[in-house]
Amino acid sequence: GENVEQHPSTLSVQEGDSAVIKCTYSDSASNYFPWYKQELGKGPQLIIDIRSNVGEKKDQRIAVTLNKTAKHFSLHITETQPEDSAVYFCAANPLSGYSTLTFGKGTMLLVSP
Amino acid sequence: DTGVSQDPRHKITKRGQNVTFRCDPISEHNRLYWYRQTLGQGPEFLTYFQNEAQLEKSRLLSDRFSAERPKGSFSTLEIQRTEQGDSAMYLCASSSLSETQYFGPGTRLLVL
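As they're listed, the protein sequences go chains V and P.
So the mapping is simple: this note's numbering equals the position in the first sequence, first residue as 1, plus 32.
Reminder that position 87 of the second sequence reads as 80 in this note's numbering, one-by-one numbering, no gaps.
Incorrect hints may appear among the rest.
Dumping the calculated PhoX-like pairs for lysine-lysine here, alpha-carbon to alpha-carbon at most 25 Å [unchecked claim]:
#1 V/K74 - P/K4
#2 V/K69 - P/K4
#3 P/K50 - V/K137
Keep in mind the hints are simulated off the structure, nothing from the lab.
Whenever a hint applies, use it, and build me the whole structure from the sequences.
The following block contains the structure:
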């Protein structure tokens, strides 16, 4: 089945810096890659997603890049703010036929004022 | 609020008891998913419904777990004879025919 590796597990940045989180996946047939933000005690919230026919997607301070050849995708957050502090998860659709998602283990992002 | 809702938000039970959780998806979504999340891990897929049909179950879903979606709207997840290892956050998500899944707030289960 699909396996998703996520790095780093923790990331500390100063407010205003950029943050980059990287994920690799194993199933070359996967074609959908969402990113979720999870705050303490809450469910994951979708922040951006990308499909395999697109190499990059941007939404304000957040961008995602996808390299299908290398089977990796990355989340980029620019001009970080303290409210960006949370756990971020990447996921991949393993194309089992039913659109279930396989998640990475998460990255705890801490943005210091 | 038109998002995914889950009830209860927290549940404490004693080992061996049965528990049932409810999920109400976004109203126009015909796909519903259950995931389990333990501390420090990403969500792990448990089972998936399209309308009222349960189409996929993970190997994580032991025979003590059962899920239903009788009318293709809300879903229930029941755990029988709970064990301490069942302590986790149980998340529900829903989607339309696109892959985009929207998660509820989760039910946190603690088995004593």
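Results for each hint:
1. Distance check on the hinted pair: V/K74 and P/K4 sit about 15 Å apart at the alpha-carbon level, within 25 Å; holds.
2. The straight-line distance between the Cα atoms of V/K69 and P/K4 is roughly 24 Å, inside the 25 Å bound, and the hint therefore holds.
3. Proximity of P/K50 to V/K137 is assessed by CA-CA distance (about 21 Å); at most 25 Å being required, the pair is judged to hold.
In this structure, none of the earlier numbered hints is contradicted; all agree with it.
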